[in-house]
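Q: Order-wise, the sequence lines are chains Z, V and E. Throughout the first sequence, residue numbering follows this note's numbering, covering 58 to 345 in sequence. Throughout the second sequence, residue numbering follows this note's numbering, covering 0 to 207 in sequence. Throughout the third sequence, residue numbering follows this note's numbering, covering 187 to 589 in sequence.
Honestly, I wouldn't trust all of these hints.
To give an idea of the interface, some chain E residues facing chain V are shown, with a C-beta separation under 7 Å as derived from the structure [claimed, not checked]:
#: 1; residue: D236
#: 2; residue: S240
#: 3; residue: T409
#: 4; residue: V563
I should point out that these hints are in silico values taken from the structure, not numbers from a laboratory. Backbone N, C-alpha and C define an ideal beta-carbon position, used for all residues, glycine too.
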Amino acid sequence: MDLYDQMMNLDRRWVYLVIGLVVTITAILPFKVPLYITPEVRSVYNFIESLEPDDVLMIGVDYAPEVMAELHPMSYAITRQCFSRDIKLLLCCLHQNGPGMVEQVIAQVSKEYDKVNGEDYVYLGYKPYPGITILAMGQNFRIPFPEDYYGTTLDSLPMMKKLTNFDDIKAIINISGGSGTEYWINYANGRYNAKLAIGVTGVMTSDYYPFLQSGQIFGLIGGMKGAAEYEDLAEKGGYISREKDQLWAFKSMPIQTTTHIVVILFIVLGNVGYFMSKRKKYGKYEHP
Amino acid sequence: MRRSVPLLIVSITGFFMLIQYFIPLEESEWLYERILDWIIVIGCFAMLLGLWSLTYVSVNKVKRKVPGWGYNLVALSGLFFMLIVGFVPGQESLVRGSAFMHLFEYVYIPIQASMFSLLAFYIASAAYRAFRARTVLATILLVSAVVIMLRLVPLGPLSGINQWLANFILTVPNMAAKRAFWIGVGLGATATALKIMLGIERTYMGRD
Amino acid sequence: MVLDRGFSYLLLLAFFFLILFSTNSFAQDPSDTLAPESVTNVDAFDTPNDNGHSITVSWELSSDDGAGKNNVVVYEVYRSDSPEGKFEKRGMVPAGENTFEDQGAKEKDNANYLPSHKNFYYRVRAKSDGLFSDSEISLPAYAYGQWYHTGKTPVLVAVILFSVFAITFITLARKGKLFYIRPLAGIEAVDDAIGRATEMGKPILYIFGLGTADMIATIASFTILSRVAKKTAEYQTPILIPCYDSVVMAVAQETVRAAYLEAGRPDMYKEENIFFLTSMQFAYVAGVNGIMLREKPATNFYLGKFYAESLILAETGSIAGSIQISGTDEIAQIPFFVAATDYTLIGEELYAASAYLGREPVLLGTLKGQDWGKAVVIFSLILGALAASFGFQFFINLFRIQL
């Protein structure tokens, strides 16, 4: 087997080793990556900036631990921005592995800003069957969630006294790592006309541009890059700080960049091997 | 009777949900909310079914000591341990700082994150193996993938052109293809729903 | 003489101050002391297309809104259940707007309850900073629910049209008309893939993915499983189906049992081969990967709803040396399956696969109905693009849905 055949048929374990080394070295020796803020991320930030104190924003956190590297930074940045501006939050979770994620975010951030459960935020908890739950919330939050996550009746919470359904909240921001987003778009926006923005993983981002263009969603935070853009805006707004190590996605951008470069190099390597061994096999002017 | 009753339930419920969408009356809303309540209750019973199935299969494998029965024992232990740690303290187990949340944050989250991180390696090996410019279409796929990936790489003076090109690919051909895909899938889903409501599609009952 | 001059200067100064103060009083803005003109033609009527607990109020703008004294800031809307009764404020809209929807709750114990079929009277107050003027009281209006939501008519038309297409072609298919379906490489490879497994003496692995039994992709996969299971029964090849959802497992067991019965091999059916694994995404992936690397199946089918685990499954199957046929309607995972598996069914090809495999007239007829539906959509898109380009708003409004 000559060099070009070897290039084309490299053992995948070499690929894994190189990726592992690149990620480790970049994590130890980071560098700054210039970031371009996209309009779809900026529109979410600007919308929250336009809200008044005591306005209510709903955040649907529908992701499990495996995608927290991409989506947790969004949840933290948005929650910190809202609490800094005294915007009230209504949170829910429609992913079976997500309740712990929401609890992590809200327990930590509410402590930072001295926010009180029931007055400044309400965490509804988790319910299965996202489509059914969203349809029910569109009628009344109390149908799928008679109690909050901590077992308190919704009607006894001061913040819930003026909230019946989606008509009483300014917007919904759905941060999702799976198909939950489609239910929010189809039901919350499609049926109840709720204002909706979404935060999704990188691989899902391209799926939702049609909805952005049609106006069904007013903002789209895509993947770790989108989360890094949002953190950049939030840092400039003074809601999160580098000194307190609150820019997680932003810090991970160098690793993502170098990994992408390595993957591209492997693709080039594979194609060089493919063309050179094809040329060698069939000669310069003959092709199968 | 065994087949006709479920078919009747499915047909009546399906047509009601379709017609209800167009009737804004309060009475229609009330019926709709009751159906939503029932679906959530039935969903909870389905979870119990899964729990029973996993326990039954794992216990049988441990009893018969089939090859790999140790893994089934680990699975059963994990399942019942988490159930006990979650249920015994009650609602307090859901609050950060409880034993249940500790297990979630320090065992479950790292395990899930580790499994997901395998994707980083597999994407590289799949891209290396599959992205070969064998045909015109494969070349277009390859070039588009490289342009989109380069969005995140600082390319100096070429960054602007690459960002524009990546944005163009995402917002024009990608969006057009996705829209066509969504329309096709939507029509397919509508057709399947219609077949289910009319009793033509019966595979969900297990027998044709 | 000095005194006279001084007195003259004093007079002049007094006159000057008199002019100054009187000028100021002449220059005083009338809006500071006069209220804006009231609105006219206040009309209250039932809000259309609702559940009967909302009344809409409209009026003609005050003449001082954007003109005249130009001092209207807000319009406040008041309601009472009798013309002589106490009017309570229901809400307000900024200047320039001339409608307000008084949305009430339907629950009787809700503080915002608005009963239907009860007369209410409305008054609109045009307000500037501290001054206001009230309109005439409107005629009585009551809220009532509608039987049909006119804003959703385009949806109804689309549903009826599509249903007509589907039923027409199903009827034609039942009468014996043959319909053509283009070849699907993934489905044509199924027989060869099962044959390969039989020759190698290895099992077949069938994965539904992470879908639940109510998802269209999973339902389509059940139909394909029925055909695959019948073939495996004929070839006596074991089939392993680890399931993510317990209801899917139950349906899969019934489907395979029925297929084995149909093939005349009910004794070959083994219920333990179709089992529930876990409903955690990556725990499921870990379990399936373990099965792949231990059992080394000759053929893997990934047909259903897949998410991030698709590439992990496909790559591990590739490591195990299996031939892989995939199909999903989850668009984000299509590129991974295209890159990592041998054959991929994209989107609605998965739905069509069941019709393709069985060639049942009814299923083929539905497929044809879908194609006609797509033709109507394409035609509407072209017309819509032309209409938007040339400003024919009427055509575009035909497709507008009001919720």
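Q: Now tell me, hint by hint, if it's right for this structure.
A: Hint-by-hint comparison with the structure:
no. : hint : verdict
1   : D236 : holds (6 Å)
2   : S240 : violated (10 Å)
3   : T409 : holds (5 Å)
4   : V563 : holds (6 Å)
Hint 2 from the earlier list is the only one contradicted by this structure; the remaining hints agree with it.
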